[in-house]
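With the sequences and hints as input, model every part of the structure.
Top line first, the protein sequences correspond to chains A and B.
Heads up: the first sequence begins at 1 in the working numbering, then just goes up one per residue.
Heads up: the second sequence begins at 1 in the working numbering, then just goes up one per residue.
To be clear, the hints were calculated from the coordinates, so they are not data collected in a lab.
All C-beta atoms, glycine included, are put in the ideal place defined by N, C-alpha and C.
Accuracy of the hints is not assured; some may be wrong.
Unchecked claim - Beyond 12 Å from chain B on every Cβ pair, some chain A residues (computed):
id	residue
1	R64
2	R67
3	A85
4	T108
5	D159
6	A161
7	D166
8	A170
9	A265
Unchecked claim - Computed footprint of chain A on chain B, listed as stretches where at least three residues anywhere in the stretch have a Cβ under 8 Å from a Cβ of chain A:
id	region
10	104-110
11	216-229
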Amino acid sequence: MFDRLRAGLARTREAFTARLDQVLAQPLSRAVFDELEAALIEADVGVPTASAILDRLRARRDVRDARSVRGALREIILELLGEAAPLRIDPPPAAIIMLGVNGVGKTTTIGKLAHHLSRQGKRVLLAAADTFRAAAIDQLAIWAQRVGCEIVRHAPGADPAAVVFDAIAALRARAIDVLIADTAGRLHTKVNLMEELKKINRVVAREMADRPVERLLVLDASTGQNAIAQARTFKDAVEVTGLVLAKLDGTAKGGVVIAIAHELAIPVKLIGTGETLDDLQPFDPRQFVDALLPPTP
Amino acid sequence: MFEALQGRLQTIITQLTGRGVLSEADVDVVLREVRLALLEADVNFKVAKAFVDRIKAAAVGQQVTKHLAPGQQVVKLVHEELVRLLGGTARDLRFADRPPTIILLVGVHGAGKTTTAAKLAARLKRRGRQPLLVATDLRRPAAVTQLQVVGEQVGAPVFSQPGATDPIAVARASLRDAERAGHDVVLIDAAGRQHADDELMTELRAMREAVQPHNVVLVVDAMTGQDATAMAGRFQAVVGIDGLIVTKLDGDARGGAVLSVVEVTGRPVLFVGTGEKLDGLEPFHPDRMASRILGMGDVLTLIEKAEETIDAEAAAEMERKLRRAEFTLDDFREQLRSVRKMGPLDSLIGMIPGLAGRAAGLAGAVDERSLGRVEAIINSMTPDERARPDIIDGSRRRRIARGSGTSIQDVNRLLKQFEEAKKLIKRVGEFERKGKRGKFPFRLQ
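As structure tokens, this is what we get:
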């Protein structure tokens with residue numbers, strides 16, 4: 001008797017789901033997917049990663065209508081981005097090397113980061129290892145003055161690895177918590193400049209063995225697919241530990257970091273959102289995805 | 001790195017058969033790939049779509065020429081249209097009838113305005129003008145100092161007012177100064193600003209109204225992504241621009257943003273910036289840019305790169321040695337070094353049409369490290385051994401392998417390749433005498 005009841009209920013359930021299926025199977029129109037793909041590409045996610053995301057979306061069985069599709073899309077992107085990855089600078093002393101191509105905002109990011117860490121009560125030392133660009137040392141010195149931290153500098157044109165070496169010596173002598181090294185902007189395609197960077201990195205690896213060392217690649221949020229090539233080359237050269245996405249206060253979405261997380265597994269650690277000292281924040285994947293794909297009203 | 005258009009089209013092109021006219025199906029299948037190539041190059045999504053739609057309308061029904069497969073013909077149309085679009089009309093700066101000519105450089109942060117200002121000053125000086133550089137970026141720390149340093153490097157005076165807070169007042173004062181000192185060009189370097197920052201954009205418009213420049217030049221980073229249209233559209237709407245300078249084209253960005261910006265503003269590219277040296281400002285070549293955006297390889301850039309890094313005299317000397325078959329391992333190492341100086345191999349391969357699509361696969365075969373090993377092996381030889389490789393016996397081979405951190409097999413392989421190369425060189429010499437062109441004689445393992 002119970003068996004019959006169960007069987008009957010099952011039939012009802014089947015009939016119900018079948019009806020529901022019919023309603024929901026109004027298969028998601030191609031237009032919805034096209035629109036989503038366009039949104040991803042216009043956010044600089046790039047065609048290959050946008051396609052990979054949409055493939056995962058189509059494979060999800062819970063995505064049946066236009067209502068659930070955005071939620072699912074957000075989940076997929078969050079999965080690609082991974083958990084929030086905080087800066088690893090404990091226990092002190094630690095070193096942070098800032099890397100990147102020309103004009104992405106390395107020096108400004110350093111100013112903000114030094115301010116941020118000083119406010120947490122840490123003793124910060126800057127190393128002016130961009131000895132190439134005109135007035136880069138002066139620019140960093142002004143930031144040091146504004147923030148109220150110390151700086152190690154050599155003359156323009158000096159060996160950047162030597163600047164970093166001296167800064168590490170100073171870090172030991174003066175009980176500094178965090179050393180932040182500025183490096184010259186370099187296009188990742190310039191072999192000699194990448195070799196110079198490896199040398200700086202070797203000095204830090206040797207002198208700061210067993211200490212926390214972050215190698216942060218600064219990306220301009222308005223950069224397109226070339227950011228992937230940048231990340232790949234810098235990663236190959238010095239094993240980048242994280243990304244800083246600068247200039248996110250404009251209209252650019254910086255979606256290429258999803259492609260970088262997807263292809264190279266480098267997490268975003270910080271974002272820059274303006275020109276003042278306080279405009280630097282830890283990266284929050286949820287906020288980022290909100291900005292990328294605003295929840296539908 | 002990027003899958004290039006040519007590589008992807010190869011399969012499609014062979015599938016299409018040559019018919020009388022281009023059918024809609026033929027055109028569609030090719031244009032789909034063209035659109036992807038444009039998007040990979042960072043051409044704005046909407047710009048790419050509009051562009052492809054226009055091509056489609058023009059292509060369907062066209063006579064298929066005898067020499068080209070239908071797919072190739074569509075690509076040719078695409079390329080021509082791109083060149084036409086990028087070509088624009090005005091090709092140079094506008095000079096005032098009554099000097100000074102005023103040029104205002106604008107752009108977002110980090111686009112390269114200050115470096116470009118110095119490069120432009122250097123170029124103008126070479127053409128016999130007396131430019132004055134004007135520092136109006138009073139916001140970024142040490143921006144004025146930066147302009148002073150690069151100004152000095154190119155030998156152009158820099159106008160600045162220490163302690164000033166109003167960039168427009170500085171610009172106005174610079175015009176009076178230019179007239180007094182007899183400068184015929186005034187180059188005003190404006191502070192970088194986000195196009196979404198209304199306050200600073202309005203300030204820039206006020207600057208334009210105050211100094212009435214003959215040219216407002218937007219400096220655009222070649223690596224810019226989809227946001228290029230929003231950026232350029234805003235600068236055009238609020239400030240109004242007359243021409244573009246594209247920077248950082250010496251990297252490997254495909255530069256699709258250039259098309260986006262030209263399309264949005266309707267203004268021509270005046271110059272392109274390459275490299276950090278202050279002579280790196282060149283005229284713009286629409287055809288090269290079109291090939292680059294489409295990922296069709298860029299032989300001209302490759303040739304220029306070679307010219308830039310390989311010293312002409314050294315090349316002539318090398319040629320003489322090759323002809324007389326005096327080629328030694330020292331020379332071989334020299335050649336290796338010059339090739340490596342030109343940049344990463346895969347980006348070089350990417351510039352060769354036909355190889356562009358296969359760059360990723362080839363990178364494994366001719367990888368940077370194997371070149372490094374070859375160099376290490378040669379470095380571990382004595383000068384005598386390099387000059388006369390035939391004296392390298394078993395015990396020397398062991399020593400060389402140990403010294404270079406490689407195996408005896410590696411050393412053997414290199415010596416064998418070198419011998420073969422020498423033989424080839426002789427034959428190339430003979431070919432050339434018969435009027436045929438020789439190939440680069442080394443096959444890398």
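To see whether the hints hold, each was checked on the structure:
1. R64: 27 Å, holds
2. R67: Holds, since 25 Å exceeds 12 Å.
3. A85: At roughly 23 Å from the nearest Cβ of chain B, A85 (chain A) sits farther out than 12 Å, so the non-interface label holds.
4. T108: Its Cβ does come within 12 Å of chain B, the nearest being 8 Å, so this is violated.
5. D159: About 18 Å separates D159 (chain A) from the closest Cβ of chain B, which puts it past 12 Å; holds.
6. A161: It holds; A161 (chain A) is separated from chain B by about 19 Å at its closest Cβ, greater than 12 Å.
7. D166: About 21 Å separates D166 (chain A) from the closest Cβ of chain B, which puts it past 12 Å; holds.
8. A170: Holds, because the least Cβ-Cβ distance between A170 (chain A) and chain B comes to about 22 Å, which exceeds 12 Å.
9. A265: 18 Å, holds
10. 104-110: holds (count 3)
11. 216-229: Held - the region 216-229 of chain B has 7 residues with a Cβ nearer than 8 Å to chain A, which meets the minimum of three.
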